[in-house]
Amino acid sequence: MTDFQANTRHPIFNVGDLIVVKSGPPEVHCRTPTYLRGVSGSIVQIMGEYHNPSLLAFHKTSVSKIWLYRVNFEQADIWRKYSGPNCDTVAADLYEHWLIPA
Amino acid sequence: MQRKVNDVGGLAGLTINREEHDQTFFEKRVDAMLMLLTSPKVKAFSVDSLRRTIEESTLDDYSKRGYYDKWLYAIRQLLVEKAILSDEEIEQRISLIKHSKR
Numbered sequence: 001m002t003d004f005q006a007n008t009r010h011p012i013f014n015v016g017d018l019i020v021v022k023s024g025p026p027e028v029h030c031r032t033p034t035y036l037r038g039v040s041g042s043i044v045q046i047m048g049e050y051h052n053p054s055l056l057a058f059h060k061t062s063v064s065k066i067w068l069y070r071v072n073f074e075q076a077d078i079w080r081k082y083s084g085p086n087c088d089t090v091a092a093d094l095y096e097h098w099l100i101p102a
Numbered sequence: 001m002q003r004k005v006n007d008v009g010g011l012a013g014l015t016i017n018r019e020e021h022d023q024t025f026f027e028k029r030v031d032a033m034l035m036l037l038t039s040p041k042v043k044a045f046s047v048d049s050l051r052r053t054i055e056e057s058t059l060d061d062y063s064k065r066g067y068y069d070k071w072l073y074a075i076r077q078l079l080v081e082k083a084i085l086s087d088e089e090i091e092q093r094i095s096l097i098k099h100s101k102r
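Residue numbers (this note's numbering), protein chains in the order written: chain A, 1 to 102; chain B, 1 to 102.
Chain A with its partners taken away, still in its complex shape:
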């Protein structure tokens, strides 16, 4: 049985905070897509705490919880030569250890 550890830490980011996604290196099982790495965005929702998927992926028996955030990005900040409207955004659910304050 998996011995899940409770996490007493509070989230370091709040809704509205501006962040930059780290550039890597990625974990072996990584939930942060390449196209968002190095891109700036803003936190729109704190999704809650989840057991670290990069450890669950390797049958780890003691897995701590980490904070997950919904982050909004401007499409024009992601893609060079983006030709769609300026208001186009993309939302992604990203774990705290991938985010640094902007």
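Treat the hints with care, as some may be off.
What the hints assert, rightly or not - In the DSS-like style, the derived pairs of lysine-lysine whose C-alpha atoms are separated by at most 25 Å in a straight line are:
#1 41(B) x 70(B)
#2 82(B) x 4(B)
#3 81(A) x 22(A)
#4 65(A) x 82(B)
#5 4(B) x 60(A)
#6 43(B) x 28(B)
#7 60(A) x 70(B)
#8 82(B) x 60(A)
#9 41(B) x 60(A)
#10 65(A) x 22(A)
#11 70(B) x 65(A)
#12 43(B) x 60(A)
#13 22(A) x 28(B)
#14 65(A) x 28(B)
The set of hints was computed from the structure by calculation and includes no laboratory data.
Since the structure of chain A is provided, determine the placement of chain B on it from the hints.
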């Protein structure tokens, strides 16, 4: 930075097959196997490990295998990783079924 085979966001030249079809018997079987193996009572492995295993496949395997084929190969690898079945046991069983059909 090395991209995983599943991390295709923003890559050019990929098309999506939008044709729908009813689930085949094979697909239903694979689905049932995964649901049973990951059910709270059995918990043979996590969905995270299933994803990790699929992401470890070669680009060739990842491209040519269908959705449920990817699941099936991942299930096989994980059952061996967790020592629930051995490669020999699986091969013996495959061979037995192949011969009984002739």
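Here's how the hints hold up against the structure:
1. 41(B) x 70(B): Between residue 41(B) and residue 70(B) the Cα gap is close to 24 Å, so the pair holds against 25 Å.
2. 82(B) x 4(B): 23 Å, holds
3. 81(A) x 22(A): 22 Å, holds
4. 65(A) x 82(B): With Cα atoms ~23 Å apart, residue 65(A) and residue 82(B) stay inside 25 Å; holds.
5. 4(B) x 60(A): 21 Å, holds
6. 43(B) x 28(B): 20 Å, holds
7. 60(A) x 70(B): Given that 25 Å is the threshold and the Cα spacing comes to 23 Å, the pair holds.
8. 82(B) x 60(A): Holds. Residue 82(B) to residue 60(A) sits at ~12 Å (cutoff 25 Å).
9. 41(B) x 60(A): It holds: about 18 Å lies between the C-alpha atoms, which stays within 25 Å.
10. 65(A) x 22(A): 20 Å, holds
11. 70(B) x 65(A): 28 Å, violated
12. 43(B) x 60(A): 13 Å, holds
13. 22(A) x 28(B): 40 Å, violated
14. 65(A) x 28(B): 33 Å, violated
Violated hints, listed in ascending order, are 11, 13 and 14; each of the other numbered hints is respected by the structure.
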